[in-house]
Every structure is written in C-alpha cells, then in structure tokens.
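**Q** The residues making up each chain are set out below.
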Amino acid sequence: MAIVRIPTPLRRLTNGNAEVEADGATIAELIDNLESNYEGLKKRICDENGTVRRFVNIYINDEDIRFLDNADTELEPDDVVSIIPAIAGGNGTGTAR
Amino acid sequence: MNFTDEQIERYSRHIILREVGGVGQTKLLNAKVLMIGAGGLGSPAALYLAAAGVGTIGIIDDDEVDLSNLQRQILHRNDDVGRAKVASAQETLNAVNPDVKVVPYKMRLNSENVMEILREYDLVVDGCDNLPTRYLLNDASVFTGKPVVHGSIFQFEGQVTVFDPTQGPCYRCLYPEPPPPEMVPSCQEAGVLGVLPGIVGSLQAAEAIKYILGAGETLVGKLLLYDALRQDFRKHVLHKDPACPVCGENPTVTELIDYEEFCGVRW
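Just so you know, the sequences run in chain order A and B.
The first sequence begins at 123 in this note's numbering and counts up one residue at a time.
The second sequence begins at 965 in this note's numbering and counts up one residue at a time.
Fair warning: there could be bad hints in the mix.
[To be verified] Okay, derived cross-link-like pairs now, DMTMM-like style, lysine to aspartate or glutamate, Cα gap no bigger than 25 angstroms in a straight line:
1) B/Lys-1204 x B/Asp-1086
2) B/Lys-1186 x A/Asp-191
3) B/Lys-996 x B/Asp-1030
4) B/Lys-1199 x A/Asp-194
5) B/Lys-1199 x A/Glu-170
None of these hints come from the bench; they were simulated from the model.
Pulled out of the complex, with its shape left as it was, chain B reads as follows (with noise of 0.2 angstroms):
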C-alpha cells in the first residue's frame, strides 16, 4: 500500500516502531473491527483505534447519550445528550481521523443480525454492558471463528481478555451458562469510578492492535483482573475447557439464543 505524505507524516509514530512499521500500518489501515457498545469501554478503545488508523471501525449501540453518561463515555461532548450514540461516536471519531471508515449500527445486537454484522469484521472489541448479549457474541464468534476482545468492569474492577476460538478458550469456557435471573452479579446501578472504562478499553484496544499487527503476546487464554483502588493487576490462566457447551467436544450451544435481560436481586 502507498501512504500518502499525510499519511506517513500522521502514523510517523507507529512506522519507526520496529513492531509496526509500514507493514504494521497497512495492516492496520485494512483492518475492519467491530465495537459493540459505544459506552464507557467503547469510547477510549474506538477512539485509540480510530487514531492509530484502524481503516473500518463498526459500532453498534441503540442508545441516546444521556448525561450521566458524560462521567466516563469520553467519545461523547455535552452537546451530544440526547443524540444517539453511534452518530456522535462517528462524528469524534472522524474528527480525529478522516482516514478511518466509521459504520454506526444504531441497533442492539440479537440472533437475527449477528452473524450477518460480524461477516463484515475481522475482529470485535466487546464494550457491552450486559450478560445476554456477551453470550450471544460469544456464541456467535465460536460460530464464525472471530476473535473477540472482551473487557467488563464493576465500580473499580475490571476484566480483559482474548476469546480467540481458533486458538484458545471463549467466554462459556470460563462461565459456561449465564446466572439464573435471581443471581446476576453486578446488574443493578451500581455506580462505576469514570475512568475505570477508560483504562479497560484502552487495554482492549492494546490487544485489538496487537492482534491486528501479530505482535508480542495477546491476552488470549489469560484473564488479566485490575483493580484501581489496589492499583493491582494480576493474571489468571484461562483453559480452553473440553467440557464447554459452545466449544467443546461435545457441544449442547449449537444455535444462537436470544437469553432474557435479566436483574434480579442482587447477589
């Protein structure tokens, strides 16, 4: 690929990186990765990926910036409450970088338009915020073979890893069924330090480039816990389980489910 002067003066940073390079970079601008959720890890991921010239950038969310949101959603400004989020997360990113293709899917993600939306990406950056929707994604990308970037968080805890299901565990690995609806952990308004997100997505945003690039070593069968108010990290070893019932050897999961939103009482 031909950069052009803007280009190569725009990536300068990333080219003189022995990791990179202008090999690294084109691979970089041809890369198509998909963000679910333009909210709290959604925004510090789409904007680094966006600025290190990620060429496609999908991002699906159905919902209007509120302005609570604000405290931590870093691709929304004031005067965006009230708009949706995908078409103010396609303005700021775009007004970082015009090179970047921004397609806002202003839906959420269920069984019947997963599969189609995912065929478009070569990777998913995972910045939702709810328990059905990480299964359907999961399940979905055993289904297709797309790795996904996962990052969640809980007032001052967060978790990263890499569900590559080519190579390594996915998320049923590690908990293979979703809580029944009286024991959800984390559902209610619990509240979240603004810029825990920020560091999670910008974790996940490390992973999604190094993914793209085939650089060092991804988080892929590792869960990496970190906690802001220890201002601890600390890594898990993540086993692809024989026994999982999406990808394992004998697997029960071999359709999409659409599970219920469900909040309970809290655990």
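Same shape as in the complex, but just chain A (with noise of 0.2 angstroms):
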C-alpha cells in the first residue's frame, strides 16, 4: 500500500480525503487502482493514451516520476506519491485581471 496525496482540486472526489491508500506495483497499476477506488481521478490525471497530463506531476516521496521511468515507475510499500497540478490562482478568484 502507497499513500496518494490528493491535492485539493481533487478531493471531492475522495470523499474530502486528502490522503488515500492505494495499491500497485507500479504508478500506472496504482492509478488504475486509484480509479477503481475515486471514479473519475485517471481521466484527471491520465490523457486518453494512459499517459500523465503535461499539467500534472506526479512523484514518488521527494522525485518527480518523469526523472524516473514515468507510469513505469516501480512502488516500495511505504511509498509517498503526491499528484501536483499546475495552479494558476494569485488571488482566489483565477479568472479576475
């Protein structure tokens, strides 16, 4: 089991969760694993190809995954993996100026 940390766009779909337990040998098993668990999180995260979103990054504990083999990235039991979107926001409205 990995620990997965939501990042707050992505909460309503983990029940408000900020963290989550999935499993997986590797990021993309985890992911698969993630949708079976949040409907709705791989599209977010994945394009249709299966591949990561050029906004998102993913890493594992401390590493981004696209320094290591990406979706391919083998999993330790007690690893972090944290899923970080680009944030436009300054001022809490996104849009405004």
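Once you've looked at the hints, go ahead and assemble the two chains, each given alone in its own frame, into the complex.
**A** Below is the structure:
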C-alpha cells in the first residue's frame, strides 16, 4: 500500500480526503487502483492514452516520476505518492485581472 | 553607500544580522523588484519588500480594488474600493517606507510589453492569477535571464519556488504546456482562505530578499508545497528538463506567446 496525497481540486473525488491508500507495483497500476476506488480520478491525471497529463506531475516521495521511469516507476510499500497540478491562482478567483 | 541616520535606525534590525549587515542592506536599497499583481500574493510580498527597503518596486496590475478583495489583499483599504490597485498599492507602500521608489504599471502583462518592463528589474515576484501570464512571464524570464519567485494558491494550498533560468529549472520544466481549455485546474471562482496568500506571499518575499542578499539557500530546484488545513510544508525536487520546450536542448518556444485566457469546465 502506498499513501497518495490528493491535491485540493481533486478531493471532491476522494470524499474530501487529502490522503488515500492505493495498491500497485508501478505508478500505472496505482492509478488504475485509484480509479477503481475513486471513479473519475484517472481521466483527470491521464490523457486518453494513459499518459500523465502535461499540467500534472506525480512525485514518489520527493522525486518527479518523469525523471524516474514515468508511469512504469516501481513502488515500494511505504512510498508516498503526490499528485501536483499546475495552480493558476494568486488571488482566489483564477480569472480576474 | 552612506546611510542617513534615519536609515540606520529604520534598518537596524537588518543591519545587525550577520547575513545582512550594511553591505546587504545596501544591496536591498539598490535592488529593483517587479511585482506581478497587487492582489493576494502581491500584497504581503510588496509590503515586506518595501519595509525591508528594497529600493525600487514596480507593480503591474490592471485591476481596480473590489470589496471582495479586502478579505486578503492587505495592500488595500475600505476607502480604496474602486481605485486602481497599483495606485492604492503605491500609497500604502510609500506610507510604510518613503525610501522606496514605487513604479505603478496599470496594465496587463503581454508579449508587447513584458521584455521592456523586465529589462528594468533584477528580479520578479510572480503573484498573478492566471496561466497565460505565468507562461508569458516564464518565457520572458528565460529569454532575459531574470529570476522569478513563483507563488500560486488554491483554496487552502500553496506552491512556492524560484525559477532562475541561469542556474535551474523554469516553469515549463515543471509543466511544459498550459492545459487545454476544457481542463484548466482551479480556474473557477473557488474561494481562498484569506490568510493563505499572506503566508505564501510572505514566503515569496523571504525568497526574494535571500536572493538579493545571496544569503542561505533559495528554493531554486525545489518546490515548496503548503497545506493550511493540515499545517503541512513539504518540499519536492525540481529538475531542469533537457526536453523543456523553452530552456531545453532543442527549444520549440522561441518567441513570446499570448495564450488565450481559458476557463472551461472544472478539472
């Protein structure tokens, strides 16, 4: 089981939880496992081809998977996985100014 | 530089610090910092930079003060509602420290003006609230070599880092392209804890001041994440991406791009 940190915009899909547990030998498997428990997460994180979207980064502990093996990066049982999207705001509105 | 008696007293708590001293305070007084936005993040950042004696502070914002801003934008007061944010900001900053030269730009940053404005400054503090400006600023920063202290917030969460194209990754190394219009995260009016930009903007001010002083370690190559609900700070490693479209080995972004302001359905 890895711990997955969910960014604020996606917590509506995880019943408001900031951290959830998920299984998987690799990041790709972990994302599928997340989707089976929290429907809709995968399409926010990945495009139709299953590739992680370019405005979303996934970290294992403090390291970006793009500089490891991307979605094939293997997971250890106690790893902490963080999903970190680009955030636009500086103001709480996102569109003003 | 010779300090006046008033400056010695005003900056005494800086000057007695080994990491600042008279030399560091002189660096601050000679520094030129451009603030992008006089809103939630820009408010605390600009106030602390002015109080610290950063000699020239440019502020760019094309907006007027709205009553709903006052919950977090501490540069502005009740009487400022309806005024240009840059005018209100200039007045507040000079009331804190008349030493500071405040340069207001009541306009929006675009591909026509960004290079000319950046040229006048040593460092940029990015407190803007939209992705087109963040990408435009990033690309201009890579083209000019000017560092950007980045801050962004959403509801209870913030991100802070320093993009210094001369020694580390840029925003596109982190997020190569803006999301498609139908997939913009955190685009709608989502609300924000008023004190959140206070914390994140203050962290940006600390990074800017350290960068000017050359003191300590900056957040170059590190992404600091803050979660106010959990009162939790975490740091992640940021790498310079050899495949980065603007600062990588074979750049595809070679001129400035005015992206459309996009805001589709929520992510």
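**Q** Could you run down the list of hints and mark each one as holding or not?
**A** Structure-based check of all given hints:
1. Straight-line distance between C-alpha atoms of B/Lys-1204 and B/Asp-1086 comes to about 22 angstroms, which keeps the hinted pair within the 25 angstroms bound.
2. The suggested pairing of B/Lys-1186 with A/Asp-191 holds, with an alpha-carbon distance near 20 angstroms, which does not exceed 25 angstroms.
3. For the given pair, B/Lys-996 sits about 28 angstroms from B/Asp-1030 by alpha-carbon distance, which is inconsistent with the 25 angstroms threshold.
4. The straight-line distance between the Cα atoms of B/Lys-1199 and A/Asp-194 is roughly 23 angstroms, inside the 25 angstroms bound, and the hint therefore holds.
5. For the suggested pair B/Lys-1199 and A/Glu-170, the alpha carbons sit about 30 angstroms apart, so the restraint of at most 25 angstroms is broken.
Of the numbered hints listed earlier, those contradicted by the structure are 3 and 5.
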